[in-house]
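As you go down the protein sequences, you meet chains C and A in turn. Using the numbering used here, the letters of the first sequence correspond one by one to residues 1 to 199. Using the numbering used here, the letters of the second sequence correspond one by one to residues 1 to 199.
The hints are all genuine.
Subject to a maximum C-alpha distance of 30 Å in a straight line, what follows is the list of computed DSS-like cross-link-like pairs (lysine-lysine):
{"id": "1", "chain 1": "A", "residue 1": "Lys97", "chain 2": "A", "residue 2": "Lys74"}
{"id": "2", "chain 1": "C", "residue 1": "Lys90", "chain 2": "A", "residue 2": "Lys24"}
{"id": "3", "chain 1": "C", "residue 1": "Lys24", "chain 2": "A", "residue 2": "Lys17"}
{"id": "4", "chain 1": "C", "residue 1": "Lys80", "chain 2": "C", "residue 2": "Lys159"}
Derived from the structure by calculation, the hints contain no laboratory data.
Protein chains: 2
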Amino acid sequence: MNDYPKYIQDLILEFSKLPGIGYKTAVRLSMHIINKNLEEVLNFSNSIKSAKENLKYCGVCGNFSEDETCFICKDSSRDKSLICVVQDVKDVYAFEKTRSYMGVYHVLHGVISPNRGIGPETLNLEGLIKKVNSQNIKEIILATSPTLEGEATSIYISKLLGEKNIKITRLAYGIPLGSDLEYVDEITLSRALDFRRDF
Amino acid sequence: MNDYPKYIQDLILEFSKLPGIGYKTAVRLSMHIINKNLEEVLNFSNSIKSAKENLKYCGVCGNFSEDETCFICKDSSRDKSLICVVQDVKDVYAFEKTRSYMGVYHVLHGVISPNRGIGPETLNLEGLIKKVNSQNIKEIILATSPTLEGEATSIYISKLLGEKNIKITRLAYGIPLGSDLEYVDEITLSRALDFRRDF
Chain C
1 MNDYPKYIQD LILEFSKLPG IGYKTAVRLS MHIINKNLEE VLNFSNSIKS AKENLKYCGV
61 CGNFSEDETC FICKDSSRDK SLICVVQDVK DVYAFEKTRS YMGVYHVLHG VISPNRGIGP
121 ETLNLEGLIK KVNSQNIKEI ILATSPTLEG EATSIYISKL LGEKNIKITR LAYGIPLGSD
181 LEYVDEITLS RALDFRRDF
Chain A
1 MNDYPKYIQD LILEFSKLPG IGYKTAVRLS MHIINKNLEE VLNFSNSIKS AKENLKYCGV
61 CGNFSEDETC FICKDSSRDK SLICVVQDVK DVYAFEKTRS YMGVYHVLHG VISPNRGIGP
121 ETLNLEGLIK KVNSQNIKEI ILATSPTLEG EATSIYISKL LGEKNIKITR LAYGIPLGSD
181 LEYVDEITLS RALDFRRDF
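Extracted from the complex, chain C is given alone in its bound form (with noise of 0.2 Å):
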């Protein structure tokens, strides 16, 4: 007697589906789309649909793309020999937001996290193989999140290509720019101090 209609509930689930998104979150949205008109609706569904139906990864670095390489990859300016590798694909927007990485990437899609039951097969790394084998890559930036499964998933890939003649690199740790010292956490704190340098 007291369930909200099928179609609503259906809503209701699928939006409970996404991430951060909760129960009562997701009866405000359903009922946000019922009572916007149909236009809009339509307009919300089938960006949906237009999205996953157009965009695939690209074969090269692993980034979304329309095409089978992505705008990165094809880009003639943009540095091959530096492949920055990511885990995720927002990191890559991420990293191009700043504008100042002119090199490629290269998108894991995951990270290694045995918990889960997530080991290497899984991620995308037969690819990054293949381009340290074949082309000129003079050096490899580890730019996993700075997590237990980050770090346990650089760590992997550093041992993977250790017998290479590569330059591998990792990101900086420190305190984050415009913070308050006395919010920064303790470890990152104690990072700071170990990677000091001469000012």
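Please arrange chain A on chain C, whose structure you already have, making use of the hints.
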């Protein structure tokens, strides 16, 4: 250069239009969608379309319904002489969850808000007046939200119906159950004092 592919941008824009979804969340949700498999994405896309296409407002009370009349208005065991006036469809389901209300509802689809240019003429008031004039209504519970706009709307309706011989009530104000007095705001606490009852 640093922009997401067009299809992702479209999707991010659509998600950003939802209430409480900012740009960063919209990006995360969009990325999540594109990483799901095609079947799951089509399910999501279709559930949005179907909900909008298959639901209409109940002609009697304004609740969402798959048919002309909603399941509450159709239910012969509900007391049609007791109407609970709410501002939004989701409030209907909030009351239904209590399992203690056996009257019917009337959904206003909004509140009077001069600031946002929403006058009483945009609300679903005509139907309410028609019911009051043509049916044997004994009591109307004004259950708009305890905000300035909700209050103003309730006052407006009570004046509108003031001349008819109908009992008009409102929800009790007071401290919410399970709350800690320390965290109850002063206006609520002072109302709870004003409306104190014999033990």
